[in-house]
Structure formats: structure tokens, C-alpha cells
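Sequence order for the protein chains is A and B.
Everything in the first sequence is counted per the working numbering, starting at 179 for the first residue and increasing by one.
Everything in the second sequence is counted per the working numbering, starting at 472 for the first residue and increasing by one.
Please note: incorrect hints may appear among the correct ones.
BS3-like cross-link-like pairs, simulated, lysine-lysine; straight-line CA separation at most 25 Å [what the hints assert, rightly or not]: (1) B:Lys485 <-> A:Lys277; (2) A:Lys181 <-> B:Lys535; (3) A:Lys181 <-> B:Lys485; (4) A:Lys235 <-> B:Lys491; (5) B:Lys485 <-> B:Lys535; (6) A:Lys249 <-> A:Lys277; (7) B:Lys537 <-> A:Lys277; (8) B:Lys512 <-> A:Lys277; (9) A:Lys181 <-> A:Lys241; (10) A:Lys241 <-> A:Lys195; (11) A:Lys237 <-> B:Lys537.
These are computed hints drawn from the structure, not numbers from a lab.
Every value quoted in this text rests on a predicted model; they were computed, and no experiment measured them.
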Amino acid sequence: SQKIEQNSEALNIQEGKTATLTCNYTNYSPAYLQWYRQDPGRGPVFLLLIRENEKEKRKERLKVTFDTTLKQSLFHITASQPADSATYLCALSGGATNKLIFGTGTLLAVQP
Amino acid sequence: GAVVSQHPSRVICKSGTSVKIECRSLDFQATTMFWYRQFPKQSLMLMATSNEGSKATYEQGVEKDKFLINHASLTLSTLTVTSAHPEDSSFYICSARDPAGRGTEAFFGQGTRLTVV
Numbered sequence: 179s180q181k182i183e184q185n186s187e188a189l190n191i192q193e194g195k196t197a198t199l200t201c202n203y204t205n206y207s208p209a210y211l212q213w214y215r216q217d218p219g220r221g222p223v224f225l226l227l228i229r230e231n232e233k234e235k236r237k238e239r240l241k242v243t244f245d246t247t248l249k250q251s252l253f254h255i256t257a258s259q260p261a262d263s264a265t266y267l268c269a270l271s272g273g274a275t276n277k278l279i280f281g282t283g284t285l286l287a288v289q290p
Numbered sequence: 472g473a474v475v476s477q478h479p480s481r482v483i484c485k486s487g488t489s490v491k492i493e494c495r496s497l498d499f500q501a502t503t504m505f506w507y508r509q510f511p512k513q514s515l516m517l518m519a520t521s522n523e524g525s526k527a528t529y530e531q532g533v534e535k536d537k538f539l540i541n542h543a544s545l546t547l548s549t550l551t552v553t554s555a556h557p558e559d560s561s562f563y564i565c566s567a568r569d570p571a572g573r574g575t576e577a578f579f580g581q582g583t584r585l586t587v588v
């Protein structure tokens, strides 16, 4: 069955450092991979989308890579700030339907 | 970006009663909306795809008679949890994409915290 796994443990980093989050998937060939941010008690908010034929995408302090051979995406936040503390979710879509399937999520805590 | 509004944000109901949750796309038309459920410290689990003017498509293991979905217009989908029980207590979130399609971002409602007592 399809599986989308992210760092299971919470990620604690110091302010100013780069946070790197991992998304691995199996039994899936997504055409698109997206990253979302979710704060407690709120719905997810879109951050970045990357297509299967793209290796890397950047937006301000965010960078996403997509390796379809390794079936993995890495999400980087450079110069991290305490305000970046949240749960980050990767999501895949593609195939016959336009369903968006989410990974397990990683809780990021940026310490001042 | 597009706005999706969900109502109510919180609801407490007695066991055995039914609860209706509304999801509206405020500034775009959504032929398809998605309903998710999220348990504490877990990810979003897709429950069903709501299709305007036709039957919803449910994910495996989701009881369609328990979670009734109606998508009567291009801007409104409703999820009714029928005969709710404490195990139905969860965070329910809807989403829609503008424009519709596999390669577009999804916009989410604020979520509904359902507590069944």
C-alpha cells in the first residue's frame, strides 16, 4: 500500500540554523509533491509545490528537492526563526485522480 | 490566495445525535472538495472526495452512511456525522483547489473540532 513517511521525531534546532525535513514515499509515483505548514488547531497552509520533472524549487528561505529515483523530498528552511515552529506536512498527488495524500508530518521547534 | 471557510469551528454534541459541518469556497467555484479527519498528533487522513452534483467518493474504510456528504452547489459542501459516538471525536478539515487539478495547491478551511460526549 502507499506510504508517505516523514521524520517521526520532533526536530529541535537553534535559531539561525537550517532545518532539513525529510519526506519518503513508497508504492507511489506522484506527479506533484507539495509542502504545507500546520499550526495547532488550524488547517494546513500551502508553502511550495514541485513537479516530478523538477529537481529543486526555492521560495525566499525555503527550498525543496524532489528525487523520484530515491522517492524522497527534502524541505529546507534556512536562517530559521522561532516563528517557523510548526508541523510541516508533505503531500503527494498524481495518477488518475486529483486526491492529495498527506505524510505523517514533522514537528519543528526553533529555539531562540 | 483563495479562501475556504468552514463552520462551525467547534462543536460539542451528545452521543447518538448528528452534526453538520459546512465548507464554503468564498471567492472561487469548487467542483471538487475534500474532507479530511485528523486525530491528535497525527496527519490528515483523507475521508472522501465531494463532487458537485454527484455522489461523493469515499476512501477505503470510511462508512458512507455514517459520514454523509452533500455538494449541492459549486461553493458549498457539507459533511454530516450521523449518530455520532465518542470515537468520532476528531478534527475535521475540508479543502478545495483553485483552479481544480492535480498540480495545484489546496486551500484549507479552519477545521472543525468535534467532541462527542
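For the pair we were handed, lysine 512 (chain B) and lysine 277 (chain A), check the Cα-Cα distance against 25 Å.
Holds, because 22 Å separates the two Cα atoms, which is no more than 25 Å.
What's the verdict on lysine 241 (chain A) and lysine 195 (chain A), does the C-alpha distance respect the 25 Å limit or exceed it?
14 Å, holds
What's the verdict on lysine 537 (chain B) and lysine 277 (chain A), does the C-alpha distance respect the 25 Å limit or exceed it?
Holds - the C-alpha atoms of lysine 277 (chain A) and lysine 537 (chain B) are around 21 Å apart, at most 25 Å.
Verify the proposed pairing of lysine 181 (chain A) with lysine 535 (chain B), using a straight-line Cα cut of 25 Å.
The given pair, whose Cα atoms are some 24 Å apart, holds under the 25 Å limit.
Lysine 181 (chain A) and lysine 241 (chain A): Cα distance at most 25 Å?
23 Å, holds
Mind checking the alpha carbons of lysine 181 (chain A) and lysine 485 (chain B) for me, to see if they're no more than 25 Å apart?
35 Å, violated
Satisfaction of hint between lysine 535 (chain B) and lysine 485 (chain B), Cα-Cα up to 25 Å
21 Å, holds
With the threshold set at 25 Å, check whether the alpha-carbon distance from lysine 235 (chain A) to lysine 491 (chain B) stays at or below it.
Violated, because 40 Å separates the two Cα atoms, which is more than 25 Å.
Given pair status - lysine 537 (chain B), lysine 237 (chain A), alpha carbons within 25 Å:
42 Å, violated
Hey, lysine 249 (chain A) versus lysine 277 (chain A), does the alpha-carbon distance stay inside 25 Å?
With Cα atoms ~19 Å apart, lysine 249 (chain A) and lysine 277 (chain A) stay inside 25 Å; holds.
Compare the distance between the alpha carbons of lysine 485 (chain B) and lysine 277 (chain A) with 25 Å, and conclude whether the hinted pair is satisfied.
32 Å, violated
The structure shown violates the earlier hints numbered 1, 3, 4, 11.
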